[in-house]
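Q: As given, the protein sequences belong to chains F and G, one line each in that order. Going by full-length UniProt numbering, the residue at position 418 of the first sequence is 418; the numbering climbs one at a time, nothing skipped. Going by full-length UniProt numbering, the residue at position 447 of the second sequence is 447; the numbering climbs one at a time, nothing skipped.
Every clue listed holds true.
List of simulated lysine-lysine pairs, DSS-like, C-alpha gap at most 27 Å: (1) 544(G) <-> 522(G); (2) 181(G) <-> 841(F); (3) 504(F) <-> 764(F); (4) 88(G) <-> 58(F); (5) 210(G) <-> 841(F); (6) 181(G) <-> 814(F); (7) 31(F) <-> 370(G); (8) 181(G) <-> 845(F); (9) 370(G) <-> 522(G); (10) 210(G) <-> 845(F); (11) 181(G) <-> 856(F); (12) 88(G) <-> 409(F); (13) 841(F) <-> 267(G); (14) 198(G) <-> 845(F); (15) 181(G) <-> 853(F); (16) 845(F) <-> 267(G); (17) 313(G) <-> 641(F); (18) 314(G) <-> 475(G).
Treat the hints as calculated values from the structure; they're not laboratory data.
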Amino acid sequence: MTPSLPLDPTTLYLADKAATNYAAHADEIDKITRRITENRSGIRSLTDITDDKSRLFKRAAREGGQFEQALERINGIPDFQDMAILRKIVRASTSVCRIILQGPSGITGYGTGCLIAPNVLITNNHVFPNAGTASRAIAQFNYELGDNGQVLTPVSFRLRPDLFFLTSPYTEQADVPFSGRDFTLVAVEPTSTDGGSLSQFGFIRLDASLGKIIEGENCVVIQHPKGDYKKVVLKDIRLITFTDNFLIYEADTQPGSSGSLVLGLGTADAVALHHSAVPRKDANGNWLRKDGRPRQPGDTDDAIDWIGNEGVRVSCIVEAFNKLAIPEAMQPYRAKIVEAQTPPLVVNSPSIISMSPPTLVSGNAPRAEASPTTSAVSAAPLPASTSGKLLYFEVLLTDQSSLQADWAKRANELVPGLIDQTALFPMSQEPVARRMVYVTVRSSENPWALAATIEGLPHVEACRPDLQSLTDIGRNSAATEATIRITESEFVINNGTAEPNEEKFLENWGKSIQVQAALSNGAGRQRWWHWSAINWTNLNQGVPDLTEDEFRQLRERLAQMRLIQLDTGYSDHSKVADGYNTDLDFDFIDDDNDAQDERASVGIKFPYHGTRTASLVVGGSLADATSKLDGNNGLLVEQGKCLTRLIPYRIAQSVILIGRGKQVVDGVNYAIRSGADVLFMCMGSYPRPMLEAIAREAYEKGVIWVCAAGNEVGLVVAPALYPGTIAVAATNPEDKPWSGSSHGPTVDIAAPGEDVYVPFLDKKGQEIMVYGSGTSYATPQVASAAMLWKARHSEELSDYLPWQVVEAFRETLKASARKPTGWPQGYGKGIIDITELLNIKLPPKNTLTHAYKNQKDANPHSVGIAEAVHFIWNVFSKKVSPGATESTLGSVPLTQRGQQALAAFSSSSSSGGRESSSTMTDSDALLRYYFNQ
Amino acid sequence: MASPVFFDFHLHPVFKKFICKYEESYPSTRSLDELTGQFDLTSPLVKLLDEELLHILGSQSCIDQLNEGKLTVGVAAIAPIERLFTNKADGGMFGKILNSGLTKPLDLTYMNNVRDGNVSYYQLFIREVNIYKRLHEAGKIHMLTRQAPQVLNSPAPIPHLALGLEGGHGLCRTLIGQPGKQDTSLTVPPGAEDSLSKDFTTAFTSNPAKSLQQVQQALWEQELDLCYLVLTHLSHIDEQLLATHAYGMKMIKDVSSYPMGNGITLKGRQVIDAAYTLEVTLNGTKTPAPVLIDIKHMSLKSRLDLYAYRKEKKYNLPLIASHIGVTGYSVNAWKEALNEASTMRLSSGEPVVTINVDRKTAGFWGFINKEFTYNAWSINLMDEDIEAVLVSNGLIGISLDVRILGWQDLLSKGDKDEFMSAEEFRFFFPERARQLVPPAVESQLKPTREERHPLALCFNILHVVSVGLIRTDQKPWKQICIGSDYDGLINPVINCRDVSQLSVLEENLIRWLPVAERAYRKENGGGPLLDRQPNGEVEPAYLKGLVRDILYTNGEQFMKRWLTNFQ
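Same shape as in the complex, but just chain F:
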């Protein structure tokens, strides 16, 4: 029997403060309490107690599987609990210790603590207000009764506040950040007073994310009440509400012990650090006793009518821990704590490389941007309940219907850790697309190894990880200048700015065919040279046979049509600021309705990729009218007015997108379903099943998707290589292919892309224009032409099937192309001629052939090949741009499958050592095999 204690001033203060907090949330508490009562009497389900849908969703996500099923599991059967939860609670309880506070004359009090890292414990600040108190205290584990009621042997450890001590006072103090959260973290001696190891007691991870518990669920409190043997409160104690920093839950008959750990019974995850009970008060603010009378001096805690308990939220503790300043000497300890919360996991990331290196002019190679290939995932704390990270997979199910049905029913049994699985293309009637599902799994396995396991299921034909990662910018932001060597150009500085380069341009191209043609229109027109190359001036001259009325209709039509840019988002660069439709943009990366390029600031590499590609469609004038650098407007701008405003969808964090393929698919899917006319995308990657499927989907729905063929990699990249898209290669002012342009039989057309005049920033952040190269710059010209063409023929095209619209464009584009003498193979039919494009007749419907007509469903490559390609693709990127990736490539763990696939290609094509130059040849063979080129 634990003795009753008189109420000390700290307890009085905290309980009073808790009562105030309680009163401030009285309405909410009243509502939830009512609902809990309804739940207890069986008329309301547990998951209907909370009004916070977001929290409920996150709570359900922890259960895994479909939302409905997750709710069912949360609701469960009243009074029944899975054994697994009890086991977790028991495991957690071993990390809980009794804290013995000692003064000069012996024991002065008790508290409860808990290990949250291999050698750090947490308790309340009012238990350890300062390092001195902690240094005199003992943390005693195993102070509990054994199976037969015998007292187990406690194991005592000294505390080491000298190594690590971080606290948030229990009183709120204006000048102390994060005060009032009443917690202390302190290092523990790794060896006990009698030589035992601390590691045997494990530790509990603190998970700051939401969803560990919802209102109405039960709490479990593990504690040493008043210093007694370790106890766990298993009574029906419900969580009532969340306040800013605290949780309020129902009262036990006894006030809990300070520093106890509160777990959510549904997940066995830590949700709070208990710190105070809440007394009932009367209207005058007096505490009331259980007998209803006001508290009298000398009353012990047993006499008080406790109506609730309050604990500090784990998320608030983690927030304070992350943000509080600590002495330099303690930093290594802090790092260890972070590490303990977050098991490190290295994942590969698919990369999408841009097709427009922001450079220039000189013939110096290499010119392409490249992407890093791996990134260590950290930062976001992982749930303590499960180890591992969310991994994403695109899965192609077998076409066998029984297996499909079985998958639908049992996916969560078949794939351990499965959180969710949904159809990737629920609206598609294409047989292959209908079999594609997107699977979310929580696991700490290597994603490629897990993909191979999933692919091994009889239900699955192919499985590929859709790897999540941080951006390279996120990883490198602290050392941008040091780690990024993007180019050897003399014009683009390492921090992503550029310098005007017109002199060099004229030196290189002044005598070229197209610059000469441009200059014949007037001095300074060299900046507009690509207009001559594509034979375009303006609508009136381009389509001379239209009447005034028809012109008006054409302009109206263009204003109504939708041109979507899939890129890094928009910026406020004055060259393009007026050209965007920021009412309809969307950010598929950050999941909001603002597609602003948030990285678009000086100091970040390659800012404004979307800005540069957009400028070729909707570019107006630089705001600085005195700038001598302005020039080269967008093709859809007439007399300063945009014919169409561009709708930006942000599907890439930076031009070196490291994101999930699903984000691209989401963007395209939304574009299709919202009625897009033309899409363009100036980025690409290696082929992946879901990109292939979405390219086909766009085609079947009649959306013209113009894609850059690719830079520096030789191969035509995805999505440009798919039959449904329009693939664009790049040319130079001499009407010759740009040497960096990808080429191959899938290229439809070429357009100027080498040294095109585009907006940039100089190193002072001033808006300038420079000459830059890439198929990225060729692509928007073809997209603009597609808009003009579709608007011009909108009535006639109403009678075409959707795919016929795309095919009619492709045919007309090719038929109208200008083919310079000596035009090489692999760059399409020639250079786009927009005036001719708009003036030749549409091909009759019955002459058009569906792009996928003779396409057989290819057998998907094995997961090992895909892994090897992923690896090689990134090695290749590294070769192109060494600085960006070399620091991380070494940590890519290739699975055995991947290694075997790679080895097969090495031995088949090279006699020499793979380490030397032959690596390139091997990669090339593997990529060509995979790209089918």
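Given chain F, put chain G in place with the hints provided.
A: Below, chain G without anything else, positioned relative to chain F:
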């Protein structure tokens, strides 16, 4: 006194019988008795579904019931079953049935063909038209056509029905979900061809405006006539997007139930042009045969687009709203009442916005001061919508679906949420759009037990009248009718579960309109909506006259005007 007759602006008399049996060939050869009777709720189905769903599935307006209820004039709407109703996985009403293994009462062949895209919506449409044609030829009903405009002057004692197409998807002649593939699956035995089947098999078009033109031509050749077209229905039709629809499907969570896009599309405008200017050629003579546009199911933005477009193109044909409820708000007041909004990403990646709007109080009733509110979902009409229809000399049909009329659900807050296209949300709430909270869980929108008192219907009628008196110079009492939506998967008002009960509805309206009017004015102000005698009472004959107008005369008059092309 002869027993009263009734009018209904929107109901589906053969829909449930139509989907009971899939016929391989066209035209239909099913027995007429089979087609006029009630939908058979088999006992396994009764066990499977709860009471709510049984009310929805129970027969509400089969031909026998029309006769019993003396419904002599009305519009038979055809809504080809959309793909979202065939989704097995969504756990909704149809999912339950489709997964149950039951082969009756629904014919799963229909459902499978729709889900797997083996058929076009257009084919489903003309097959259902064919059922009406056979009933017409057998003298069971009379199909109205502008080729015989005098028929309502001395009607026979059978239902006289015009045709309505509910959902522009019904114009789509490519396979469902496969806009690149013409539907060639209609098999017609030699000699059984008719104008509809000939047009369908020989004059394929993927242009919905032309499809509308062609189907009206073919209908007229069979002495049938399409009266109105609802541009959208309950789902987003990827393959032929005419306009953004208003969210309205609580029981189904298929991705296509969520609105997307931004008002009327180019195709939608072309269909509107075709509808309003349509001419058919009979015996070498061109005759105007325009089709009315029904604003039901269109998103609010689509509706506003429509009014602007009509103004721009100077279209003057009456606008109609065939089976609606009201929000009680003007657009601005509705915007003010926005409570919560958050973006949600569908599993396939598209964003939609879930919004929660405070409901407008219609009035209080009884000692307990029971509050009646309007359903604030934007599928219901705003004051601007009411004004647009009234001013165009159109007709407003009030739905008998309790959910539309403002059913109250006290148990769960989530039930108030609807979904809106992310783009349209930004159109109406540009400021709010910047602070949208991140995705939240989808709310569970299940119908629950609620108040089905006829007062809810009265309040909707009174609001239309009030708006009409305040905002227009029209005579709103003359422009209101019932558009029950019977057999359109509705949950009917308790006093009038099916069309045979219309006379009970009449009693209720007479009883409750004066009560509701007091309560409405007390809450909402405005001048008197009913003429009252000096003693404060409403004169019985006058009141009965108003109710008669609503339940029959207004509709009958409107159909007479339609039959003469509003000359």
